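What follows is each chain in one-letter form.
Protein chains: 2
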Amino acid sequence: MSLDSVSSLRVGIAGLGTVGATVARHLLDGAVSNVVVTRVSARDASKDRGFDMQNIAFSADPLKLATADDVDLVVELMGGQDGAALDLVRAALKAGKPVVTANKALVAAHANELSQLSANTGGAVVPLAYEAAVAGGIPVIKTLRQGLAGNQLQQIAGILNGTCNYILTRMDEAGLSFEAALQEAQEKGFAEADPELDVSGVDAAQKLSILSALAFDLRPDVSAMAVEGVERITEQDISFARQFDCVIRLIGVSRQADGKVYQKVTPMLVRKGGALAEVSNELNGLLFTSQPLGKLFLQGAGAGGGATASAVLADIADLARGDGQALFDRATADMTASASHQAPESEYYLRVGLADKPGSMAKATQILAENGVSIEEVVQRASNDGDGFLPVVFITHEVDESSLDNALKALQNEKNICNGVLSLPIFAD
Amino acid sequence: MSLDSVSSLRVGIAGLGTVGATVARHLLDGAVSNVVVTRVSARDASKDRGFDMQNIAFSADPLKLATADDVDLVVELMGGQDGAALDLVRAALKAGKPVVTANKALVAAHANELSQLSANTGGAVVPLAYEAAVAGGIPVIKTLRQGLAGNQLQQIAGILNGTCNYILTRMDEAGLSFEAALQEAQEKGFAEADPELDVSGVDAAQKLSILSALAFDLRPDVSAMAVEGVERITEQDISFARQFDCVIRLIGVSRQADGKVYQKVTPMLVRKGGALAEVSNELNGLLFTSQPLGKLFLQGAGAGGGATASAVLADIADLARGDGQALFDRATADMTASASHQAPESEYYLRVGLADKPGSMAKATQILAENGVSIEEVVQRASNDGDGFLPVVFITHEVDESSLDNALKALQNEKNICNGVLSLPIFAD
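Those sequence lines, one after another, are chains A and B.
As numbered in the working numbering, the first sequence has no gaps in its residue numbers, which increase by one up to the final residue, 487.
As numbered in the working numbering, the second sequence has no gaps in its residue numbers, which increase by one up to the final residue, 487.
It should be emphasised that the hints constitute simulated quantities derived from the structure, not laboratory data.
For clarity, every value in this text was computed on a predicted model and none was experimentally measured.
Be aware that a few hints might be false.
Facing chain A, from chain B, some residues (calculated, C-beta under 8 angstroms) [said to hold, decoys possible]:
1) Gly205
2) Lys353
3) Leu356
4) Ala359
5) Ala375
6) Ile475
7) Val479
Residues from chain A shown here face chain B by an in silico Cβ test under 8 angstroms; the list is partial [claimed, not checked]:
8) Ala89
9) Ile196
10) Gly364
11) Leu371
Note that CB positions come from ideal geometry on N, CA and C, so glycine has one too.
Please put together the full structure from these sequences, using the hints given.
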């Protein structure tokens, strides 16, 4: 509650790419009261970044920010899961200096060490703020920690990767193939040259693991999470989904039920009209379910210089106001281990390559029925890929995951009638 | 940043209706760490409210909470713009006790006095938190103050009244008349027995005035705000709007441009697909535009026991963590006075009652043209009300407010061709 209005908070920024330079410009323009930029570190000292470097010290070595006497708060915007970014954050926390970072890969991968350093260095909390690490400019960390404080979280469902969402939207709205949509995303700056981390779902999983830690006290561990990317989604799936009045979205779901937390990143069918179905193009969106509030939906820019800078500035403002918190409420050693749990019962979209010959459909539906998978709707398209197999889509009634898995295994064992299955849960909000 | 984990924050709750009882129950269940409920005040001491009163002191007089030694934080949930609620909040702040309230009418009407008391009582800030006063469970105050800290706000556009939104949604989706939709809202508990404050737009205006104070440093003054309610919206308007692929929503807009802040509460046409158009039934939704973030959209329950309790709990958690703020960043005496400014240029929906005789349309369009109002689309319905006038709808190109006002005055002066005009801005997000 107390704010020392005499001495300003002296900020050191490591990394002056688009985000870093935007943050510096806004701070120099007085965007946050009682904050001054005293030192920066970047690859190139001389580059013009649209702000006056005259009163700002420059360090070629970012590590210097952790020890420099003129820096109270370290802002890490270099990126990278390890290397210089990790060295800097680690050193700053050890020196008792608060850190603001936008680096989700680093936070997710080193949660154990960083939670310990930030929860207790020299007997005190050293704040580590990372609003920008999840969903860019949407204040999702603050919403979980402050806006929903006092609530019991039940579910988080989020569109956490703008690249995938752009691709899926363009496949739907412009009829593009996955490859064409990806290329367009790259041309527009919504996808990296190497899109692997995005399209594989790993980037979304890193973000979801951070949200699950805050909401459900779950130790971040991406390797323990079921993660399916968008690479297997075809134009055919998009078009089938439309037929069921749905769109396909890559969704990270984390849900607590019966004392267990289930979490997964996967493409899902979302019924049009639902909040997440309306999240288009490169936007991110999150739907929280909690008691006593009920549902809360947030949507905004999940990446880009302005959005990321916004979240970094908000974290700096918190710290300037004296409101800083450890990475999580406790060291991850004291949190619940991530574990693989059965998915909650769900309806599913099943696209099955079914042999174009008499008896295939009868056999397939028999296998599904024998395994307890009950069918709500079937759509069969006349066209086939010329290999003697037709794409057939089944919409199932609610079914538990193990029954579904058994059914799909049995189906895929019948190689003469089935040449592959794609199963996508149908999102129920 | 420091939290005294030894001594708990002792909370006194005045008002044990649905919200107060829900807050008490959650606090007693340990929803917020380091908080205990020590004292309550309500009309009836003996009523069973679903929690154990055994260790909680009871005061028949709510004012006692301001002075009681066992209360550190006063939670005002009695409601009412003046009277006991005002007495209590005033006394608590004067006694240096932080206050949490859900009372938008009180905050809006007494902003001057309360901002002064909370910004400086005995030389210190006495926190006054009111997350629940605007948009219920949506953490909109925290988003403005923390999530968007460091941003330059440009526009806030919000659906801030669930009653009006329910009525407009049901008129559209179920084809109900205004009266039937209002009655349904009352039966479902989404509207008060006396709905005047809601349907007139005043409730939304009170909330908007609070948001404008936070975002644009504008002194709250509902009487200086242009406010139009939903009473004049007919089934015909809803159906015309649908024809233009729009819905009608009651929107509070506050917008800063050229150093001036324009604010208004009015029904507007919103194009389907836009975030605010998707806010249905009793929900609230807000669209913030700011730099460097861009757009941020929030949607959730704007009223009801659970939603309001959620926001109150979040405020209590802030205070328990040691993060409390004055009502506004400064006393309202030092803020900019609300003033009436020209609306930004906008497209408009004009429903004109036009005489069903030759030359009416020519005359009407001539008057519009003479006043600089250029028409994008016209729709004329065959049916008339039997009074010799036909409803005709004009969609205008962007036009400034004074040109439009002049045109509408001139049109309404031609009593032989025009028997009334309804003009609604078309929302541009």
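Evaluation of the provided hints:
1. Gly205: holds, 3 angstroms
2. Lys353: holds, 6 angstroms
3. Leu356: holds, 6 angstroms
4. Ala359: holds, 5 angstroms
5. Ala375: holds, 3 angstroms
6. Ile475: violated, 42 angstroms
7. Val479: violated, 34 angstroms
8. Ala89: Hint on Ala89 (chain A): holds, closest Cβ of chain B at ~4 angstroms, below 8 angstroms.
9. Ile196: Status holds, d = 6 angstroms.
10. Gly364: holds, 4 angstroms
11. Leu371: Because about 3 angstroms separates Leu371 (chain A) from the closest Cβ in chain B, which is inside the 8 angstroms limit, the hint holds.
This entry does not satisfy hints 6, 7, going by the numbered hints stated previously.
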